[in-house]
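Heads up: the protein sequence lines correspond to chains A and B, in order.
Residue numbering for the first sequence follows our numbering, beginning at 5 and increasing consecutively.
Residue numbering for the second sequence follows our numbering, beginning at 4 and increasing consecutively.
Among the clues, some could well be false.
[Said to hold, decoys possible] As a list, the in silico BS3-like pairs of lysine-lysine whose alpha-carbon atoms are at most 27 Å apart:
1) B:K72 x A:K275
2) A:K163 x A:K146
3) B:K285 x A:K276
4) A:K162 x A:K229
5) B:K203 x B:K123
6) A:K221 x B:K286
7) B:K333 x A:K276
8) A:K221 x B:K270
9) B:K203 x B:K11
10) A:K275 x B:K78
11) A:K221 x B:K285
12) A:K21 x B:K203
13) B:K333 x A:K275
14) A:K33 x A:K116
15) B:K177 x A:K275
16) A:K21 x B:K78
17) B:K177 x B:K39
18) B:K203 x B:K270
19) A:K276 x B:K123
20) B:K39 x A:K276
21) A:K276 x B:K203
22) B:K78 x A:K46
23) B:K78 x B:K123
24) B:K78 x A:K276
25) B:K333 x A:K46
26) A:K33 x A:K114
27) A:K275 x B:K39
28) A:K24 x A:K114
29) B:K286 x A:K33
30) B:K78 x A:K24
31) A:K114 x A:K21
32) A:K21 x A:K135
33) B:K205 x B:K270
To be clear, the hints were calculated from the coordinates, so they are not data collected in a lab.
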Amino acid sequence: MPDLDRHTNPLVPTMVKVVKIIEETPDVKTFYVTTDEGIPFKVMPGQLAMVSQLPVGEGMFSVSWQAEDHLQFAIKRVGLLTEALHEIEPGQTLGIRGPYGNGFPVDECKGKDMLFIGGGIGLAPLRSFIKYCFAHREDYGKITILYGARSYADLCFKKELFEEWPQVPNCEVFVTIDNPEEGWDGHVGFVPAYLEEINPSPQGTIAVTCGPPIMIKFVLQALEKMGFTDDQVITTLEMRMKCGIGKCGRCNIGSEFICLDGPVFTLAQLKKLPPEW
Amino acid sequence: MKVLPADKIREALNILAGEAEVYAPLVRGDVSGYIKWTDGPGDELALDILNTYMPPKHIVMPQTENMYKFIATGKDAQVTEIVTAEGPRIIFGIRGCDLQALHALDLAFLTRGYEDEFYKARRQDLAVIARACYQPGPACFCESMGVDRLNPEADVVIHVLGEQGLAWEPKTPKGKDITAKLQGILVDKEVALPQAADMKVKVDITGLSEKLAGMFEHPVWDELSSRCMNCGVCTYVCPTCYCFDIQVHNRGEAGNRFRCWDSCMYKEYTQMAGGHNPREFKKERFRQRFLHKLQYFNERYGANLCIGCGRCIIMCPNEVNILEIINKLKEVQVDA
Numbered sequence: 005m006p007d008l009d010r011h012t013n014p015l016v017p018t019m020v021k022v023v024k025i026i027e028e029t030p031d032v033k034t035f036y037v038t039t040d041e042g043i044p045f046k047v048m049p050g051q052l053a054m055v056s057q058l059p060v061g062e063g064m065f066s067v068s069w070q071a072e073d074h075l076q077f078a079i080k081r082v083g084l085l086t087e088a089l090h091e092i093e094p095g096q097t098l099g100i101r102g103p104y105g106n107g108f109p110v111d112e113c114k115g116k117d118m119l120f121i122g123g124g125i126g127l128a129p130l131r132s133f134i135k136y137c138f139a140h141r142e143d144y145g146k147i148t149i150l151y152g153a154r155s156y157a158d159l160c161f162k163k164e165l166f167e168e169w170p171q172v173p174n175c176e177v178f179v180t181i182d183n184p185e186e187g188w189d190g191h192v193g194f195v196p197a198y199l200e201e202i203n204p205s206p207q208g209t210i211a212v213t214c215g216p217p218i219m220i221k222f223v224l225q226a227l228e229k230m231g232f233t234d235d236q237v238i239t240t241l242e243m244r245m246k247c248g249i250g251k252c253g254r255c256n257i258g259s260e261f262i263c264l265d266g267p268v269f270t271l272a273q274l275k276k277l278p279p280e281w
Numbered sequence: 004m005k006v007l008p009a010d011k012i013r014e015a016l017n018i019l020a021g022e023a024e025v026y027a028p029l030v031r032g033d034v035s036g037y038i039k040w041t042d043g044p045g046d047e048l049a050l051d052i053l054n055t056y057m058p059p060k061h062i063v064m065p066q067t068e069n070m071y072k073f074i075a076t077g078k079d080a081q082v083t084e085i086v087t088a089e090g091p092r093i094i095f096g097i098r099g100c101d102l103q104a105l106h107a108l109d110l111a112f113l114t115r116g117y118e119d120e121f122y123k124a125r126r127q128d129l130a131v132i133a134r135a136c137y138q139p140g141p142a143c144f145c146e147s148m149g150v151d152r153l154n155p156e157a158d159v160v161i162h163v164l165g166e167q168g169l170a171w172e173p174k175t176p177k178g179k180d181i182t183a184k185l186q187g188i189l190v191d192k193e194v195a196l197p198q199a200a201d202m203k204v205k206v207d208i209t210g211l212s213e214k215l216a217g218m219f220e221h222p223v224w225d226e227l228s229s230r231c232m233n234c235g236v237c238t239y240v241c242p243t244c245y246c247f248d249i250q251v252h253n254r255g256e257a258g259n260r261f262r263c264w265d266s267c268m269y270k271e272y273t274q275m276a277g278g279h280n281p282r283e284f285k286k287e288r289f290r291q292r293f294l295h296k297l298q299y300f301n302e303r304y305g306a307n308l309c310i311g312c313g314r315c316i317i318m319c320p321n322e323v324n325i326l327e328i329i330n331k332l333k334e335v336q337v338d339a
C-alpha cells in the first residue's frame, strides 16, 4: 500500500489544518491552511490548488497568497462545497492537492509597470501577484490597482486595499462600487468604465485582469482601445475542474486545458483559442 | 504456424485466467462487451460480434473506480487507503480499432505532464491478444482512421479460422511468455489465413483537423447538432471517450472518493458553482465532442480520437452519424 504521508499520486489530497479564518465580505472568507511541517507545497502567484472538505466535495481555488508558514484561499460562498467551507471553524482538517497550472509570468514582468484590474472575488488570484510584486518591490515599476465590487460590503481585503497597499511606494489604488450608497464617497461605476476614466498609459506596462467573465470581456476591449497590445494583457480564467492534471476533460478551451496550460493566458494566446470561456 | 484448435479455446482461456484477469468478448443479456472470463455457464465467446456493444475501455478505466478511502470525524479527516489495482490482466480478442483506442487513452493518461497513477496501475501489466479483423461490419470505418485491422500492434495476434480454431502469432516477449503457457495445447499446422473483405464504409479525413481549426464559429454547427438530444450514449459506447467525474460516497464517518465516466454531452459537465457555463447549450456541447475527436486531440497528442468502430452510429437513437458529419464538415465553405 502506498505511503499515505508521502504518496506522489496527484489525485490524492494531503491533509492540512485551517489555522485562521477571516470574514472578508458577507459571502467571502479567507482560510489560512498549513501542516505541522509548514506549507504543504510551494505555490507561485496565480497557481491553483484543489481544496476538499471530506466528505462534502472538492473544488479548485486560486491560492490568494503563499505566506511563509501557511497558504491563503479567499473563497466565495456560491455552491455546495463553498457553503460547507463557510461553516467550518479553525482547527478543521481539509484536504489539499496541487499546485496546478502555470501561474503568472512573474519573471517576464520584471522591470515593467504593473496594472492590476480586478472585480469581486477576482481580486483573490491577482492578490498573489500584487503581494509578490510588493515583496520584490525593486523588480517592478509603478503599480496601479483598480478594483471594484457590487457594494462596499462586497469589497475583499479591505484592510490591504484602503490601508496597506496605498502606503507602498509608487503604488496607486483605485476602488469603485457598482451603485451609490450612504457613507461611500469613493468612485461609483463599473470597472471597465473607471478604467477608461483613469486611462493608464500602455507604455512599458503589463495589465493583469481577473473578474466575472463579462467584466473581463469589457476590460479587454477597453485596454485594446487604450493601445495595450495583446502581449501586454494577461488574464486568469476559471472553468469547472475535477482532476487538475489535464485528464478529466472538462476545462479545455480548444486543445488547451485551463488546469495545466492555464489558468493564466496573455490576450495574444487567448485570441488563438476558440472564444469558449 | 501455431494453431489453437477450436475445442481447446476454452481450456486456453482457463489456463490464462489462472494467472491473470482475462477479459474476452462475451454476451451478457442484451449487452456484449469485454467481460472477465470465469468459465461460467453463460460465458460463450462472441469473437464475431461487430462491434461489441460496450468497448473495452473499462479494463483500464472502470465505469466507477475507487480512488481512496477516508474517515472524517468532527474536525478531523484523514485518507486511510489509496486504492490501487494490482495483478496482471489480459485482453483477449480485441480488434485493431479498440486497440488503437487504447493507445489513444495511453496518450491522454500517461503523457503531457502528469501520469495518471490509477490508469497506470491497470495499464502497466496488461497483455493484449488481438484478433486480425477480416470481415468489417456495416458501420466500420477503421481504415479511414488509420487503423491496421489485419496487423494490430499486440503481444499476440490471432486469426479466427472457424472450425480450425485460431491461428496464433506471438509478436512480443510478453506474447511469447503467454504462448509458452499454452505449450501443451497449441499445435503446429499449415493453415491458410482468411481473405480480407474490403471496408464497406470509407471517409477521407485528410486535412480535416486543420480545416476545423477555422470552423469553430461556422453556422454549420447549428444544422449538424439539431438532431442530437444530448443523451450521451455515444460517449458511453465510445472506446476513446475518457472524460471522468470525481465524486464521493460516504456512510457516516467513512467514505471513499471515486471517479466515474462522465460525458461532455451534459450541461453539468461544465456548469460552474457561480452559474457561469461556457458550454451551456446543445450546439456547444455537440461541437465540443466532434472537435475533441477530430481536431483538439490531434493538436495536443498527434492522433485521432475516433478510431472508426461505428458504435456511436449504431447506438445513436436519433441517427446522428459521424460519417455524415465529417462529410458535411469537409463540404462547407470557410471564409479565408
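Of all the hints given earlier, name the ones this structure violates by number, lowest first.
1, 4, 5, 9, 10, 12, 14, 15, 18, 19, 20, 21, 23, 24, 25, 26, 27, 28, 29, 31, 33
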